[in-house]
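S.K.: Sequence:
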Amino acid sequence: MSARWLIAATYVSPTKANEMIHSNMENKSGPEIANRLYQVIQKNKASEEAYSKAANKVISANLKSHFQEIYTKRKRFDQTLTKEVSRIFPEPLPVAWKDNHIDLWIDIESIIRSSDDVTILNACLQGDRLAVREYNELLEKYSLPFEVYHAIRKHKMFIEVDLQKMSNRKVYNS
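Residue 1 is where the sequence shown starts when you use the UniProt record's numbering, and the numbers rise one by one after that.
None of these hints come from the bench; they were simulated from the model. If you're wondering where the values come from, they're calculated on a predicted model, not measured in any experiment. Be a bit skeptical, because a hint or two may be false.
[To be verified] Cβ pair distances, simulated, as ranges:
id	residue 1	residue 2	range
1	E49	R133	14 to 22 Å
2	D103	V161	20 to 28 Å
3	K73	N168	12 to 20 Å
4	S110	K73	18 to 26 Å
5	F146	N62	32 to 40 Å
6	H150	R113	36 to 44 Å
[Stated by the list, open to error] No more than 30 Å apart at the CA atoms, straight line, and that leaves these computed lysine-lysine pairs for DSS-like:
id	residue 1	residue 2
7	K45	K75
8	K154	K57
9	K43	K73
10	K73	K141
11	K53	K165
Glycine residues also receive a C-beta, built at the ideal position from the N, C-alpha and C atoms.
Turn these sequences into a full structure, and let the hints guide you.
M.R.: Encoded structure:
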(Lines of atoms letter the chains of each structure in order from A and count residues from 1; the text may use other names and numbers.)
(Lines give C-alpha, C1' and ligand atoms only; values in the text may rest on other atoms or scores of the structure.)
Protein backbone atom coordinates (compact mmCIF):
# COMPACT_ATOMS: atom_id res chain seq x y z
CA MET A 1 0.00 0.00 0.00
CA SER A 2 2.79 2.45 0.82
CA ALA A 3 4.52 1.55 -2.45
CA ARG A 4 1.39 2.55 -4.37
CA TRP A 5 1.26 5.82 -2.48
CA LEU A 6 4.92 6.51 -3.27
CA ILE A 7 4.39 5.94 -6.99
CA ALA A 8 1.33 8.19 -6.99
CA ALA A 9 3.21 10.86 -5.05
CA THR A 10 6.07 10.95 -7.54
CA TYR A 11 3.89 11.35 -10.64
CA VAL A 12 3.72 14.94 -11.84
CA SER A 13 1.69 16.13 -14.78
CA PRO A 14 3.64 17.53 -17.76
CA THR A 15 2.27 21.02 -17.03
CA LYS A 16 3.37 20.84 -13.40
CA ALA A 17 6.77 19.47 -14.43
CA ASN A 18 7.24 22.44 -16.77
CA GLU A 19 6.34 24.85 -13.97
CA MET A 20 8.81 23.13 -11.65
CA ILE A 21 11.57 23.34 -14.25
CA HIS A 22 11.03 27.03 -14.85
CA SER A 23 10.81 27.87 -11.14
CA ASN A 24 14.02 25.91 -10.60
CA MET A 25 15.71 27.82 -13.42
CA GLU A 26 14.59 31.16 -11.99
CA ASN A 27 16.02 30.50 -8.54
CA LYS A 28 19.55 31.43 -7.58
CA SER A 29 21.09 28.30 -9.11
CA GLY A 30 19.50 28.95 -12.54
CA PRO A 31 22.28 31.24 -13.84
CA GLU A 32 24.93 28.92 -12.44
CA ILE A 33 23.35 25.92 -14.18
CA ALA A 34 23.04 27.87 -17.43
CA ASN A 35 26.67 28.93 -17.25
CA ARG A 36 27.85 25.36 -16.61
CA LEU A 37 25.74 24.01 -19.48
CA TYR A 38 27.03 26.62 -21.91
CA GLN A 39 30.58 25.76 -20.84
CA VAL A 40 29.87 22.08 -21.53
CA ILE A 41 28.63 23.06 -25.00
CA GLN A 42 31.85 25.01 -25.61
CA LYS A 43 34.00 22.13 -24.41
CA ASN A 44 32.07 19.69 -26.55
CA LYS A 45 32.58 21.90 -29.64
CA ALA A 46 36.31 21.93 -28.88
CA SER A 47 36.24 18.13 -28.52
CA GLU A 48 34.53 17.86 -31.90
CA GLU A 49 37.37 19.88 -33.41
CA ALA A 50 39.95 17.75 -31.60
CA TYR A 51 38.46 14.50 -32.91
CA SER A 52 38.31 15.92 -36.42
CA LYS A 53 41.98 16.88 -36.23
CA ALA A 54 42.86 13.52 -34.67
CA ALA A 55 41.06 11.64 -37.47
CA ASN A 56 43.03 13.60 -40.06
CA LYS A 57 46.34 13.15 -38.25
CA VAL A 58 46.45 9.43 -37.33
CA ILE A 59 47.91 6.79 -39.61
CA SER A 60 45.89 3.78 -38.42
CA ALA A 61 42.80 3.31 -40.59
CA ASN A 62 40.89 1.75 -37.67
CA LEU A 63 41.71 4.65 -35.39
CA LYS A 64 40.87 7.17 -38.13
CA SER A 65 37.46 5.54 -38.58
CA HIS A 66 36.85 5.44 -34.84
CA PHE A 67 37.76 9.12 -34.39
CA GLN A 68 35.43 10.08 -37.26
CA GLU A 69 32.62 8.12 -35.59
CA ILE A 70 33.26 9.89 -32.27
CA TYR A 71 33.34 13.25 -34.08
CA THR A 72 29.88 12.48 -35.52
CA LYS A 73 28.52 11.49 -32.09
CA ARG A 74 29.92 14.67 -30.52
CA LYS A 75 28.38 16.81 -33.25
CA ARG A 76 24.98 15.16 -32.76
CA PHE A 77 25.19 15.57 -28.99
CA ASP A 78 26.25 19.20 -29.37
CA GLN A 79 23.22 19.93 -31.56
CA THR A 80 20.85 18.20 -29.13
CA LEU A 81 22.26 19.85 -26.02
CA THR A 82 22.44 23.29 -27.64
CA LYS A 83 18.79 23.00 -28.70
CA GLU A 84 17.61 21.95 -25.24
CA VAL A 85 19.70 24.48 -23.32
CA SER A 86 18.67 27.30 -25.68
CA ARG A 87 15.03 26.36 -25.17
CA ILE A 88 15.32 26.44 -21.39
CA PHE A 89 17.72 29.38 -21.23
CA PRO A 90 16.74 31.47 -24.28
CA GLU A 91 19.17 34.26 -23.45
CA PRO A 92 22.72 32.92 -23.58
CA LEU A 93 25.04 34.05 -20.86
CA PRO A 94 27.75 36.21 -22.40
CA VAL A 95 30.20 35.13 -19.70
CA ALA A 96 29.89 31.48 -20.70
CA TRP A 97 30.17 32.11 -24.42
CA LYS A 98 33.10 34.50 -24.18
CA ASP A 99 35.03 32.81 -21.39
CA ASN A 100 38.28 31.89 -23.10
CA HIS A 101 39.77 30.62 -19.86
CA ILE A 102 37.79 27.41 -19.51
CA ASP A 103 39.79 24.21 -19.34
CA LEU A 104 39.07 22.10 -22.41
CA TRP A 105 38.79 18.36 -22.12
CA ILE A 106 41.18 17.53 -24.94
CA ASP A 107 44.50 19.26 -25.53
CA ILE A 108 44.13 20.11 -29.21
CA GLU A 109 47.69 21.43 -29.41
CA SER A 110 49.14 18.07 -28.39
CA ILE A 111 47.17 16.45 -31.21
CA ILE A 112 48.43 18.99 -33.74
CA ARG A 113 52.05 18.64 -32.58
CA SER A 114 52.05 14.86 -32.29
CA SER A 115 53.16 12.55 -35.04
CA ASP A 116 52.31 9.22 -33.48
CA ASP A 117 48.94 7.54 -33.07
CA VAL A 118 49.46 6.44 -29.46
CA THR A 119 50.07 10.00 -28.23
CA ILE A 120 46.99 11.25 -30.08
CA LEU A 121 44.91 8.39 -28.71
CA ASN A 122 46.10 9.09 -25.16
CA ALA A 123 45.22 12.79 -25.47
CA CYS A 124 41.70 11.83 -26.59
CA LEU A 125 41.29 9.22 -23.85
CA GLN A 126 42.42 11.69 -21.19
CA GLY A 127 39.98 14.27 -22.54
CA ASP A 128 37.11 11.81 -22.50
CA ARG A 129 37.88 10.86 -18.89
CA LEU A 130 37.67 14.56 -17.97
CA ALA A 131 34.36 14.86 -19.83
CA VAL A 132 32.89 11.89 -17.93
CA ARG A 133 34.07 13.40 -14.64
CA GLU A 134 32.43 16.74 -15.47
CA TYR A 135 29.22 15.05 -16.62
CA ASN A 136 29.08 13.09 -13.35
CA GLU A 137 29.48 16.30 -11.38
CA LEU A 138 26.72 18.04 -13.36
CA LEU A 139 24.33 15.12 -12.97
CA GLU A 140 24.96 14.82 -9.23
CA LYS A 141 25.20 18.49 -8.24
CA TYR A 142 22.37 20.11 -10.18
CA SER A 143 18.69 19.50 -10.63
CA LEU A 144 18.70 19.59 -14.42
CA PRO A 145 15.63 19.65 -16.67
CA PHE A 146 14.77 16.13 -17.83
CA GLU A 147 15.77 16.57 -21.49
CA VAL A 148 19.15 18.06 -20.55
CA TYR A 149 19.75 15.43 -17.86
CA HIS A 150 18.86 12.66 -20.31
CA ALA A 151 21.07 14.06 -23.11
CA ILE A 152 24.09 14.43 -20.82
CA ARG A 153 23.58 11.03 -19.20
CA LYS A 154 23.21 9.32 -22.58
CA HIS A 155 26.31 11.03 -23.98
CA LYS A 156 28.28 10.18 -20.83
CA MET A 157 27.37 6.51 -21.35
CA PHE A 158 28.49 6.67 -25.01
CA ILE A 159 31.82 8.11 -23.89
CA GLU A 160 32.24 5.46 -21.19
CA VAL A 161 31.61 2.69 -23.75
CA ASP A 162 34.10 4.31 -26.15
CA LEU A 163 36.66 4.61 -23.35
CA GLN A 164 36.27 0.93 -22.57
CA LYS A 165 36.64 -0.04 -26.24
CA MET A 166 39.67 2.19 -26.78
CA SER A 167 41.38 1.11 -23.56
CA ASN A 168 41.21 -2.50 -24.76
CA ARG A 169 42.27 -1.78 -28.37
CA LYS A 170 45.82 -1.87 -29.65
CA VAL A 171 46.81 0.86 -32.06
CA TYR A 172 48.69 -0.18 -35.16
CA ASN A 173 50.50 2.42 -37.21
CA SER A 174 49.56 0.88 -40.53
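S.K.: Checking each numbered hint in turn, tell me which of them this model violates, lowest number first.
M.R.: When the structure is compared with the hints, none of them turns out to be violated.
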